Amino acid sequence: MSFSRRRFLRHSALATTTLIAAPAVFRSGAFGAENPIVVGSLHDQSGPIAASGTPMVYALQLAVDEINAGGGLLGRPLKVIHYDTQSNIQMYSQFAQQLAVKDKVDVVHGGITSASREAVRPTFDRFKVLYFYNVLYEGGVCDRNTFCTGTTPAQTVEKLVPSAMKKAGKKAYIIAADYNYGQITAKWMTKYVKDNGGEVLSTDFFPLDVTNFGTTISKIQAAKPDLILSALVGGNHTAFYRQWTAAGMKGKIPIASTTFGLVNEPSTLDAAESDAILGAYGYFEELTTPASKSFVEKIKKAHPDSPYISELAACTYEGVMLWAAGVKKAASIDRMKVVAALEDSIAFDGPSGKVSLDKATHHTTRNAFLAEVKDRKWSVLESYSDVKPADTASVCDLVKNPADTKQYIINL
Amino acid sequence: MAIYLIVALDVLNGIASLFLLCLGLAIIFGMMKIINLAHGEFIMLGAYATVISANAGVNIWIAMLVVAPLFVGIVGLVIERCLIRFLYGRLVDSMLATWGLSLLIIGIVTTIYGNTQQGVPTPLGGFSIGSYQSSYYTLFLAGMAIVTMALVYGVMSYTRLGLIARATMQNPAMAATLGVNPARVYMSTFAVGAAVTGLAGGLLAPVSGITPGMGGAYVAKAFMTVVGGGAAILSGTMSAASLFGAVNQVGAYFTTPVYGEVLVFTAAIVLIRLLPQGISGRFFKGNL
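Residue numbers (numbering that gives the first Met the number 0), protein chains in the order written: chain X, 0 to 411; chain W, 0 to 287.
In case anyone wonders, no lab produced these hints; they're calculated from the structure. Heads up, a few of these hints could be off.
Said to hold, decoys possible - Now the stretches of chain X that chain W is said to cover, found in silico as 3 or more residues with beta-carbon under 8 Å: (1) 197-207; (2) 217-225; (3) 238-249; (4) 261-271.
What the hints assert, rightly or not - Here are the simulated lysine to any residue pairs, SDA-like style, with alpha carbons at most 25 Å apart: (5) K223(X) <-> A1(W); (6) K373(X) <-> A1(W); (7) K300(X) <-> Y112(W); (8) K353(X) <-> L61(X).
Stated by the list, open to error - Where chain W lies over chain X, by a calculated footprint (3+ residues, C-beta under 8 Å): (9) 49-57; (10) 60-73.
No experiment lies behind these values; they were computed from the predicted model shown. Even for Gly, the Cβ is constructed at its ideal location relative to N, Cα and C.
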């Protein structure tokens with residue numbers, strides 16, 4: 000077929016018009032439906048991070064279903080628009096735009112890795128869409144449009160390091176994933192080791208696709224630490240725990256981790272490989288409070304094959320509930336009214352206990368728990384109530400600087 | 000002193016695993032010039048076959064050494080019949096098709112088994128040199144690398160099958176006029192390559208994190224090694240695996256794991272610049 004310039008122009012003009020007109024044509028079909036409040040959800044359900052994202056979606060759906068069963072919000076039902084971000088940052092950017100511009104959602108819950116959060120946060124700031132990030136992370140996000148409901152290092156690492164040091168000794172060796180979460184968490188670990196009179200012998204970072212930990216295990220043996228602090232991330236890095244056990248090191252040097260068991264490590268590794276590893280999070284599936292038990296039961300009932308229900312799922316559920324409490328209090332879905340209401344001592348009793356939002360940082364004051372792996376399950380050793388996000392509070396004050404949108408790297 | 004022995008073992012481990020991971024790819028690439036981008040997924044399938052059969056009660060050694068290569072070999076055979084055989088001589092098309100295939104395999108495995116899978120514990124246990132610990136499994140991997148190498152060498156050099164395979168590899172048209180059916184040779188070569196890759200996946204299953212996407216971590220290094228090795232399947236792959244495995248492990252030991260990775264890629268770039276035909280294009284010409 001010959002393709003003249005005119006013909007090309009005509010075709011492309013036609014195609015462009017169709018493309019531009021398509022959304023309007025499709026949208027018109029939606030007119031006349033009941034007018035729901037729209038909740039956007041951006042979670043990875045496929046790819047390497049899917050095991051984290053899947054239970055978060057279950058928890059979000061559970062919260063929304065419960066709110067709808069109770070008559071919705073402001074007399075309107077809630078509707079979830081969910082996109083699977085496929086463990087791909089590009090998808091995050093693309094779907095964030097779509098949620099803000101095309102779907103015109105009233106709030107977005109989502110983002111898992113710190114990288115994904117930083118990819119979508121500016122988009123929601125720009126389009127003025129309220130954003131909830133319900134994941135534990137390295138701390139420091141200071142943005143009036145964003146609420147971070149997960150734990151930060153001052154809430155977990157601060158508890159984990161001293162109890163691990165008390166058990167094991169003063170000399171620590173840090174191994175961490177080589178991206179912003181691992182780098183910053185390693186700094187926090189170093190700080191708390193020093194605060195407790197210890198010393199860090201060495202800190203090693205690993206790109207996420209490292210699978211062979213032989214040399215690291217030799218280096219650790221040469222350094223002879225009393226304790227290993229791990230912030231390794233992802234399926235490839237679980238190989239470390241296997242190779243550690245294979246080398247016969249298991250039980251010789253204790254391991255404490257800020258990431259182990261957040262997803263599925265205790266259930267995928269053998270008992271011999273995971274026993275006695277220490278962890279600290281804002282929630283464990285094994286918590287025996289009635290609220291926690293019923294939360295786990297409801298998710299397991301709807302999704303019997305759900306991956307481990309960790310802090311990620313609990314915080315997502317609590318995040319949605321906190322937002323709902325804010326909307327009720329504001330008696331409006333207007334973004335700034337909801338933000339003002341959320342800043343006005345909103346609290347919710349969730350699976351992890353009482354969670355309250357902090358006005359100055361938009362983070363949560365919540366309970367933290369220390370646990371140890373026993374026979375492929377967490378056994379909770381200690382709980383700490385009402386722990387404040389002291390790290391972010393040291394750099395962030397949204398009361399004074401409401402226009403702030405930065406993530407502070409906390410100077411240690 | 001003991002620490003040098005331990006580091007030497009680490010290097011051996013790095014080389015052996017890299018060699019095992021690459022051999023299947025080298026067979027397929029070297030003999031048929033098909034770039035199999037689903038190589039990582041063949042490894043994953045081998046690991047899954049091992050883990051699932053071992054968890055179902057099959058003896059771990061049988062699961063690793065028999066079930067994994069057999070299963071992936073059969074998968075390879077089916078894939079060759081349904082997809083690859085239409086793509087001989089179409090390099091770019093074969094890349095695209097096998098890349099799509101890799102996504103399909105990941106999708107199927109995720110749909111069936113979900114994103115998490117319970118692994119198997121490492122057999123054999125550890126031993127100590129001085130005050131250092133290492134695992135017997137490291138030695139076993141090295142042993143398996145040698146056995147596989149010997150097997151491939153033996154079959155290729157001393158059997159009629161190997162003779163036919165080498166003839167087809169050198170000149171398919173001439174082999175065909177002498178009564179060999181190249182289509183059949185290609186089919187079995189692909190299946191054998193897949194089986195060797197499945198074996199590697201099975202052997203690495205006890206020391207890796209098992210997820211549907213695990214292949215992604217191996218495929219880049221495997222390609223780099225095969226290209227760096229050049230046309231000779233055994234000597235090329237072995238020399239490139241030794242070079243890259245050693246650079247990675249020694250680099251990671253004396254600097255950090257991050258630089259260990261950087262050094263490998265630097266070494267690969269330099270190697271390809273100096274020896275565009277790969278190591279065996281220069282030093283082991285005409286060898287297997």
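Now the hints, each set against the structure:
no. : hint                : verdict
1   : 197-207             : holds (count 4)
2   : 217-225             : holds (count 4)
3   : 238-249             : holds (count 8)
4   : 261-271             : holds (count 7)
5   : K223(X) <-> A1(W)   : 14 Å, holds
6   : K373(X) <-> A1(W)   : 34 Å, violated
7   : K300(X) <-> Y112(W) : 19 Å, holds
8   : K353(X) <-> L61(X)  : 19 Å, holds
9   : 49-57               : holds (count 3)
10  : 60-73               : violated (count 0)
When held up to the earlier numbered hints, the structure conflicts with 6, 10 and fits the remainder.
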